[in-house]
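> Listed here are the chains, written in short residue letters.
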Amino acid sequence: MATLSRSDVEHVAHLARLGLTEDELTLLEGQLNHILDQYAILTRLDTEHIPPTAQTIELENILRDDVAEPSLPVDAVLANAPAREGDFFLVPPILTERD
Amino acid sequence: MAGATDLTRLHAHEQAALLRAGEVSSRELTEAQLVAAERDNRALNAWLTIDRERALDEADAADARIAASRAWGTLDETHPLLGICVGLKDLISVQGGQATAGSRILEGYRSPYDAHITERLRDAGAVILGKTNMDEFAMGSSTEHSAFGPTANPWALDRVPGGSSGGSASAVAAFHVPLALGTDTGGSIRQPAALTGTVGMKPTYGRVSRYGIVAFASSLDQIGPFGRDARDAAALLHAVAGRDDRDSTSSPAPVPDELLSLPADDDQAISALRGKRLGLPREYFVAGMEPGVEARVREAVAALEAAGATVEEVSLPHTEYGLATYYIVAPAEASANLARYDGIRYGPRLGDGDVLSIYLATRGHGFGAEVKRRLMLGTYALSAGYYDAYYLKAQKVRTLIKGDFDALFAQGIDALVAPTSPTVAFRFGARMADPVSMYLSDACTLPVNVAGLPGISVPCGLSEGLPVGLQFIGAPWSEAELFALGRAYEGLTADAEWRALEPAELAAAADPATPAPLERVAAGAA
Numbered sequence: 001m002a003t004l005s006r007s008d009v010e011h012v013a014h015l016a017r018l019g020l021t022e023d024e025l026t027l028l029e030g031q032l033n034h035i036l037d038q039y040a041i042l043t044r045l046d047t048e049h050i051p052p053t054a055q056t057i058e059l060e061n062i063l064r065d066d067v068a069e070p071s072l073p074v075d076a077v078l079a080n081a082p083a084r085e086g087d088f089f090l091v092p093p094i095l096t097e098r099d
Numbered sequence: 100m101a102g103a104t105d106l107t108r109l110h111a112h113e114q115a116a117l118l119r120a121g122e123v124s125s126r127e128l129t130e131a132q133l134v135a136a137e138r139d140n141r142a143l144n145a146w147l148t149i150d151r152e153r154a155l156d157e158a159d160a161a162d163a164r165i166a167a168s169r170a171w172g173t174l175d176e177t178h179p180l181l182g183i184c185v186g187l188k189d190l191i192s193v194q195g196g197q198a199t200a201g202s203r204i205l206e207g208y209r210s211p212y213d214a215h216i217t218e219r220l221r222d223a224g225a226v227i228l229g230k231t232n233m234d235e236f237a238m239g240s241s242t243e244h245s246a247f248g249p250t251a252n253p254w255a256l257d258r259v260p261g262g263s264s265g266g267s268a269s270a271v272a273a274f275h276v277p278l279a280l281g282t283d284t285g286g287s288i289r290q291p292a293a294l295t296g297t298v299g300m301k302p303t304y305g306r307v308s309r310y311g312i313v314a315f316a317s318s319l320d321q322i323g324p325f326g327r328d329a330r331d332a333a334a335l336l337h338a339v340a341g342r343d344d345r346d347s348t349s350s351p352a353p354v355p356d357e358l359l360s361l362p363a364d365d366d367q368a369i370s371a372l373r374g375k376r377l378g379l380p381r382e383y384f385v386a387g388m389e390p391g392v393e394a395r396v397r398e399a400v401a402a403l404e405a406a407g408a409t410v411e412e413v414s415l416p417h418t419e420y421g422l423a424t425y426y427i428v429a430p431a432e433a434s435a436n437l438a439r440y441d442g443i444r445y446g447p448r449l450g451d452g453d454v455l456s457i458y459l460a461t462r463g464h465g466f467g468a469e470v471k472r473r474l475m476l477g478t479y480a481l482s483a484g485y486y487d488a489y490y491l492k493a494q495k496v497r498t499l500i501k502g503d504f505d506a507l508f509a510q511g512i513d514a515l516v517a518p519t520s521p522t523v524a525f526r527f528g529a530r531m532a533d534p535v536s537m538y539l540s541d542a543c544t545l546p547v548n549v550a551g552l553p554g555i556s557v558p559c560g561l562s563e564g565l566p567v568g569l570q571f572i573g574a575p576w577s578e579a580e581l582f583a584l585g586r587a588y589e590g591l592t593a594d595a596e597w598r599a600l601e602p603a604e605l606a607a608a609a610d611p612a613t614p615a616p617l618e619r620v621a622a623g624a625a
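Chains W and Z, in that order, are what the protein sequence lines are. When we follow our numbering, the leftmost residue of the first sequence carries the number 1, and every step to the right adds one. When we follow our numbering, the leftmost residue of the second sequence carries the number 100, and every step to the right adds one.
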């Protein structure tokens, strides 16, 4: 199976939105490759015609009555916000004007 | 009234009998449990928070319910957990309380609502003593991955209690509470139960609602009980199990009343073994299993056979693929579930500037090493170009692993009997340097999660002075039958010498001069 290079590890860290130190990246490169080596055992099995299992105990058509129910009060929802303005979570600008 | 220490030694069903007879109050029981937990917590670090005032308020409320029920002649209709103390793993929401999941990234977070199981415990009238320590986001097999320091095992204070629900297991073993709740994604209830000499069950996937529980791997996670005997643990499962509309994976399957009527009489309990067909999976006696563990498990199997069960060696041929399958599926699901910890809606927010730098700093500082490792694995397994090779492949192998179990139950096997953990409790630090060695701790438990089945661990003696666990694995929804098997084994060994032994280092745990687990780890590393 695949081997992860240092730049692969940096790419995956970016996808996972993890800010990692140089030491962490170095340690993870070795550990992840060691773990991926263990995954290679799965290639021994021919699974071409085996369906995947996502849920073991399947329940179907689990619906509740289509009636509005009260949600948590806004203040309870926002009580844990690290930054808040009025009834909103405060975040840095996500969209910026061009030029 | 009995002395305060004696009260903590009692099983929940014994405490309940005293409560109903009016010989003790829930306040007295709760006070005794609080004293024990507060006294030992420096040495054990089993509890992340002990809610003294809230617990005593709940105890007073339970005493009022008992008095009212007695006056109305309805005591028999109250739940056996009324007035009994329970510990909750710190990923279960209690309104207004903390739920750190063992992580810095949830420090300061206060739950805005009760979990479904918390509501159920309140309905039953149980007293919530506090929140127990755990591996961060339930990722680990030793509780060493808690951001708030490791938990010690009361059988040997330089050893782990197992994990991830190690705080719950340690607290029950050390008589801080007769009962506690944990979660089990790959063995996180059964393995610590085995390592601490307690009873722990992972129910069928869907048996207990996970509304209000911090998610790890959603197709594997399940909530379950710890107790010091099968009857107590079964009563706790009964209290929290059942359909809840807020968790669409929770099942409408009826919760069996048998969970509340396991026989008190040993002979009656043993008689449940007659005619039972038990399978002994040969693949579960893995390389690396300690001889003492194998010996205890084989002795237990021989005792079950002598009492009337039929034991036949069986094969679960895809067992060796369980570890790799689990360590693809669980991290993949975790990488999706843990995306929510971004410093925007709750928890500390680190970094400044744009949103991306907040994400990177908050998650980079907020998560510990094991969580980062699994998020990296999961993200990689789901990433473009690798999804088919890893995640889809693992889901297909999952079908084969589940098929192994299905085939045996279809042949009329009532349950499987196996070791819970290949080893007894290991020393702090022994498996921290090599993640794969830690992952192997769960080789005998994680196929059960992969297949969605119920499993129970019951103590079956000691090896080198440390507890060994015996695991029973059943078909979906067979929790009552598994408890009956566990109860039967308790009956068979009621007079065994090891049954009378208490954890060897309880006195040291109570000594204020005993170092905290983190100090031991630091001293060991120096």
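Keep in mind that a hint or two might mislead.
Over 12 Å on every C-beta distance to chain W, these chain Z residues come out as not near it, computed from the model [claimed, not checked]:
hint, residue
1, H110
2, R164
3, E176
4, E412
5, E618
Some chain Z residues close to chain W (C-beta under 8 Å, calculated; not the full set) [unchecked claim]:
hint, residue
6, A423
7, G452
8, Y486
9, Y489
10, L491
Covered stretches of chain W, going by a simulated chain Z footprint (3 or more residues, C-beta under 8 Å) [said to hold, decoys possible]:
hint, segment
11, 52-59
12, 78-87
13, 90-97
I should point out that these hints are in silico values taken from the structure, not numbers from a laboratory. C-beta: ideal position from N, C-alpha, C; glycine also.
> Are the hints correct? Go through all of them and say.
Taking the hints in turn, this is what the structure says about them:
1. H110: 31 Å, holds
2. R164: 27 Å, holds
3. E176: Non-interface label stands for E176(Z): nearest chain W Cβ at 29 Å, farther than 12 Å.
4. E412: 23 Å, holds
5. E618: 25 Å, holds
6. A423: 5 Å, holds
7. G452: Since chain W brings a Cβ to about 7 Å from G452(Z), closer than 8 Å, the hint holds.
8. Y486: 11 Å, violated
9. Y489: 7 Å, holds
10. L491: 6 Å, holds
11. 52-59: holds (count 7)
12. 78-87: holds (count 5)
13. 90-97: Contact hint for the segment 90-97 of chain W vs chain Z: holds, 4 residues under 8 Å.
In summary, the one numbered hint that this structure violates is 8.
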